[in-house]
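Protein chains in written order, with the numbering used here: chain A, 1 to 311; chain B, 1 to 56.
Hints in this document: simulated from the structure, not taken from any laboratory. Misleading hints may appear alongside valid ones.
To be verified - Taking lysine to any residue pairs in the SDA-like style, the calculated list, with each CA pair at most 25 Å apart, reads:
| no. | chain 1 | residue 1 | chain 2 | residue 2 |
| --- | --- | --- | --- | --- |
| 1 | B | LYS27 | A | ASP220 |
| 2 | A | LYS166 | A | LYS89 |
| 3 | A | LYS89 | B | LYS19 |
| 4 | B | LYS19 | A | GLU250 |
| 5 | B | LYS27 | A | GLN289 |
| 6 | A | LYS276 | A | GLU165 |
| 7 | B | LYS19 | A | GLN133 |
| 8 | B | LYS27 | A | LEU131 |
| 9 | B | LYS9 | A | GLN133 |
Quick caveat, the model's predicted, so the values are computed rather than measured.
Each chain is listed here by its residues.
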Amino acid sequence: MTVENDVFKKISMLEENKDVAGLEDIKQTAEAGFEGDVAGAAEQAISRLTTKVEELTTTSLVQENQIHNLAGNMDEVNKSTEIINNQIKDIALDAQRQVDEINNNENNSNVEIIEKNKRIEELDLEIGGLLEQITAVLPEKMKQLVNSESYKKLIDLNEKRKKEEKSLAELYFKLTEGDGSHRRIHFSPGEYGDTEQYVNDLKFFNTSKDIITRFEEYKDKFKTPENNASNEFNSEYRKLITEDLWKFEEELGSKSDKVFGIDGQNKEDSKKFKQKYLDRYQTNYSLAQENSIPGKVLYVNTMGTIIYPQK
Amino acid sequence: MTPEEKVKKIEEIYNDAIKKMEEIGKKRQGIVGNYIKDLEVKKADAIRASINLKGN
Numbered sequence: 001m002t003v004e005n006d007v008f009k010k011i012s013m014l015e016e017n018k019d020v021a022g023l024e025d026i027k028q029t030a031e032a033g034f035e036g037d038v039a040g041a042a043e044q045a046i047s048r049l050t051t052k053v054e055e056l057t058t059t060s061l062v063q064e065n066q067i068h069n070l071a072g073n074m075d076e077v078n079k080s081t082e083i084i085n086n087q088i089k090d091i092a093l094d095a096q097r098q099v100d101e102i103n104n105n106e107n108n109s110n111v112e113i114i115e116k117n118k119r120i121e122e123l124d125l126e127i128g129g130l131l132e133q134i135t136a137v138l139p140e141k142m143k144q145l146v147n148s149e150s151y152k153k154l155i156d157l158n159e160k161r162k163k164e165e166k167s168l169a170e171l172y173f174k175l176t177e178g179d180g181s182h183r184r185i186h187f188s189p190g191e192y193g194d195t196e197q198y199v200n201d202l203k204f205f206n207t208s209k210d211i212i213t214r215f216e217e218y219k220d221k222f223k224t225p226e227n228n229a230s231n232e233f234n235s236e237y238r239k240l241i242t243e244d245l246w247k248f249e250e251e252l253g254s255k256s257d258k259v260f261g262i263d264g265q266n267k268e269d270s271k272k273f274k275q276k277y278l279d280r281y282q283t284n285y286s287l288a289q290e291n292s293i294p295g296k297v298l299y300v301n302t303m304g305t306i307i308y309p310q311k
Numbered sequence: 001m002t003p004e005e006k007v008k009k010i011e012e013i014y015n016d017a018i019k020k021m022e023e024i025g026k027k028r029q030g031i032v033g034n035y036i037k038d039l040e041v042k043k044a045d046a047i048r049a050s051i052n053l054k055g056n
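Given only the sequences and the hints, what does the whole structure look like? Please build it.
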């Protein structure tokens, strides 16, 4: 009797006995089996893992409708499931890497693969612990930063500058009314933009000297103090947050390269491993920010707002 | 490792990953389920409050 016939016989018996759990087992075994050669099996495994990730990290349409009908917000659901979704994706990525390794490295012995995977699991635990350490203190450090004098000064100057820009814009439009040929269509000196052209326009309209002086001095009035406050704040930010991240990146880089190797596919695997942890840091950073200092930005410079610390 | 052993190993890795993912997937379901329950409670409270207001 062939294996196939054995399976059919077993299914018939289970159906007769109404053994649902047994039938479920058979179904799972059938689903877990792969057909074809190593490359085919690897391809099927990766494809099924991808489908499973999609299935497990997606909120069903029925639930989405329920949430919508109960005046809930899908953004809230997405935020609260983000970490879990990442964990699911990480497991799939790890499995994919192991499958790729078997598929790509024909010469690797079973023992070598098992040993390497063990080292990777240990590294995963170690780096996970380090990440936990540096991100657990983020909320407290963020609170310290937004309560610092340099942050308050920076935000205060930023607000004052915006107010002055608004006032200058209104003044400019009022004083240059009636002659489109000598007026810039949009008044937008924002972030210390060049005011020379506005000053020339105002001179054409014989605007009083004190108003022209106000336009001329606008840049210097804010630029230097805001840059000073920004430097001071960045230095505190660096001490409290960025230095930890740099140390973490360094540790992650050297250990990952050591365990994975730095050639060919190994280099790619090491890169994926590192990226996985940097993405996790980013997620934890955003969550810490949302939870500890909601609605506030942490790093402000003259080019706008940067939330993620840059090296 | 022979090709058969490799396919078997891939199956093991796959099954192990699916098991772990489903375990975590249940937690996700729990989070979404609890969120919906909370919304239901809030809605029920709102309806109750509105009935009380009309009653008064």
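We went through each hint and held it up to the structure:
{"no.": "1", "hint": "B/LYS27 x A/ASP220", "verdict": "violated (55 Å)"}
{"no.": "2", "hint": "A/LYS166 x A/LYS89", "verdict": "violated (47 Å)"}
{"no.": "3", "hint": "A/LYS89 x B/LYS19", "verdict": "holds (13 Å)"}
{"no.": "4", "hint": "B/LYS19 x A/GLU250", "verdict": "violated (33 Å)"}
{"no.": "5", "hint": "B/LYS27 x A/GLN289", "verdict": "holds (24 Å)"}
{"no.": "6", "hint": "A/LYS276 x A/GLU165", "verdict": "violated (43 Å)"}
{"no.": "7", "hint": "B/LYS19 x A/GLN133", "verdict": "violated (28 Å)"}
{"no.": "8", "hint": "B/LYS27 x A/LEU131", "verdict": "holds (22 Å)"}
{"no.": "9", "hint": "B/LYS9 x A/GLN133", "verdict": "violated (35 Å)"}
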